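Visitor: Listed below are the residues making up each chain.
Number of protein chains: 2
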Amino acid sequence: MESESNTKTMRCKTCYEEYDPCEAGTCNMCYEMASEAKEQLLQEFKELERAYEQLDDKVAFLRLWSPVDQAHRGSPDPVFPDVVLVAPDDGLPPVPVPAHKAVLVNRSPVFKAMLEHEMEESRSGTIKISGVSYDVLRAFVNYLYTAEAWLDKQMACDLLVFAEKYQVNHLKGFCEKFLVSKLNWDNSLWTYAFAHQHGAKLLLDAAFTFITHNIHNLTKTKEYKELVEKDARLVVEIYEAFLSKRLNTTVFKYTSKEP
Amino acid sequence: MESESNTKTMRCKTCYEEYDPCEAGTCNMCYEMASEAKEQLLQEFKELERAYEQLDDKVAFLRLWSPVDQAHRGSPDPVFPDVVLVAPDDGLPPVPVPAHKAVLVNRSPVFKAMLEHEMEESRSGTIKISGVSYDVLRAFVNYLYTAEAWLDKQMACDLLVFAEKYQVNHLKGFCEKFLVSKLNWDNSLWTYAFAHQHGAKLLLDAAFTFITHNIHNLTKTKEYKELVEKDARLVVEIYEAFLSKRLNTTVFKYTSKEP
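So the sequence lines, in the order shown, correspond to chains S and L. Numbering of the first sequence is given in our numbering, commencing with residue 387 and proceeding in unit increments. Numbering of the second sequence is given in our numbering, commencing with residue 387 and proceeding in unit increments.
These are calculated hints, taken from the structure and not from any lab test. Quick caveat, the model's predicted, so the values are computed rather than measured. Incorrect hints may have been included.
Where chains are identical, the list cannot tell them apart; a pair therefore holds if satisfied intra-copy or between any two copies.
Unchecked claim - Within a straight-line C-alpha distance of at most 20 Å, the following computed DMTMM-like cross-link-like pairs (lysine to aspartate or glutamate) qualify: (1) K539 to D591; (2) K563 to D538; (3) K498 to D455; (4) K551 to D521; (5) K424 to E435; (6) K587 to E439; (7) K399 to E422; (8) K399 to E418; (9) K616 to D443; (10) K514 to E550; (11) K587 to D443; (12) K563 to E439; (13) K498 to D468; (14) K563 to E433; (15) K563 to E435; (16) K563 to D443; (17) K551 to D475; (18) K611 to D572; (19) K616 to D455; (20) K631 to E507; (21) K606 to E506; (22) K498 to E409; (23) K616 to D475.
Produce the complete structure using the sequences and hints provided.
Guide: This is the structure:
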């Protein structure tokens, strides 16, 4: 036994230093249990790290070279595309984005329906995409192959809209997470309206939290006045959600206090 | 301060129970540090869990439907294959395995060279595969799309050989890990020879460890005698590696003891 009960000082089982009884921490049983628990947690952490590395290797294996990048590296036709996507740019002749039907069909139920049912796009091998720029289309196709995209706020919004239209949920979630990371009080109302319009639940909830944290200043902002003009029902929805949440919290607090 | 220095019993800061001084664990400073460290480790663990989940979603997104499974689900031509692989089976008419050039080129440098350089296979759209059964070819193609395979020992060996030939390192590693998990003293010598033949470093090292743990019984086994007959140089290599490792360990021990 390392603790010395007959002297004034005692010896710590962790640092082996002597200490005064008034500086005591845990009893021996808790010390032993904590040591075991720490060891187990460390073990689990290491196992998770190994599993993470293996999963990371799997991502690298499953990732495909994007035919977009391939074309930009100067290779003429190295990945055997069997379809092109075209986004008509204002005034400029459109630049086709090469792709593979198999990849489009795998990633998007909309492309699946379009290509598997002998529609015009399947026969011609050309899919016309409206309402997006060439850059956004390129980033979109790139993501379908690599699950990666370089984002700024504009690109994240454009890709989110595109991903919603073609039901590429993974890309939609990717853009949502990016926009959540860029949320602040100034853009929260605009973001709420945007998320609402495109059914982006994660982003909507995060924007709502920002708004409600500072709700007493809401009416003072220019964005608020503009939104009331443009879409008063949405503003009503925010107030309703705020009050409903508050009521629930109050009821919960009240209920919690009961014996 | 919860410890009571003027009484015989003390109070633990973890379980709040009283204990006798001779049952003391840590000093307060170590208790505080351990609590902080545990909190931090838990935090890191949760972050890693979140990152793991996100990576798992990415794997699910990047995984492609295997054209093999697709064909077996009764869909006639739903994934637009542009190449077939054929493994001539003894006597039976070969069953072609549909695939996509883009996927083969992405996953295997051998297929890349074959298909990108206007060789016979690229022109005809048929790749003849020798030395494997239809089942192995099917599992191989399936893995290129999904990074998954159902393995038993025979399938793991066959796929490892196939993966080595076509330089699909991820599949090779997958098979190696499976075979490592099936290692025991009885199959360690056979596995060592197999791993040596196919340059499977991970498996070779694991088999070597098994052999050296029981090296004094090595000469008594039937497998040993067979291997001496078949490939005596390999047996010499095992002895050399064993002695070299032992020498290194001894030198290290000796060096470590020096002042």
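Visitor: Each of the hints needs a verdict: does it hold here or not?
Guide: How the hints compare with the structure:
no. : hint         : verdict
1   : K539 to D591 : within (18 Å within a copy, 50 Å between copies)
2   : K563 to D538 : within (12 Å within a copy, 41 Å between copies)
3   : K498 to D455 : between (23 Å within a copy, 17 Å between copies)
4   : K551 to D521 : within (17 Å within a copy, 40 Å between copies)
5   : K424 to E435 : both (16 Å within a copy, 17 Å between copies)
6   : K587 to E439 : between (30 Å within a copy, 19 Å between copies)
7   : K399 to E422 : both (14 Å within a copy, 17 Å between copies)
8   : K399 to E418 : both (10 Å within a copy, 14 Å between copies)
9   : K616 to D443 : neither (49 Å within a copy, 37 Å between copies)
10  : K514 to E550 : within (17 Å within a copy, 42 Å between copies)
11  : K587 to D443 : between (31 Å within a copy, 18 Å between copies)
12  : K563 to E439 : between (23 Å within a copy, 14 Å between copies)
13  : K498 to D468 : both (15 Å within a copy, 17 Å between copies)
14  : K563 to E433 : between (27 Å within a copy, 15 Å between copies)
15  : K563 to E435 : between (23 Å within a copy, 17 Å between copies)
16  : K563 to D443 : between (23 Å within a copy, 14 Å between copies)
17  : K551 to D475 : within (19 Å within a copy, 47 Å between copies)
18  : K611 to D572 : within (13 Å within a copy, 79 Å between copies)
19  : K616 to D455 : neither (41 Å within a copy, 51 Å between copies)
20  : K631 to E507 : neither (47 Å within a copy, 65 Å between copies)
21  : K606 to E506 : neither (52 Å within a copy, 72 Å between copies)
22  : K498 to E409 : neither (69 Å within a copy, 69 Å between copies)
23  : K616 to D475 : neither (29 Å within a copy, 70 Å between copies)
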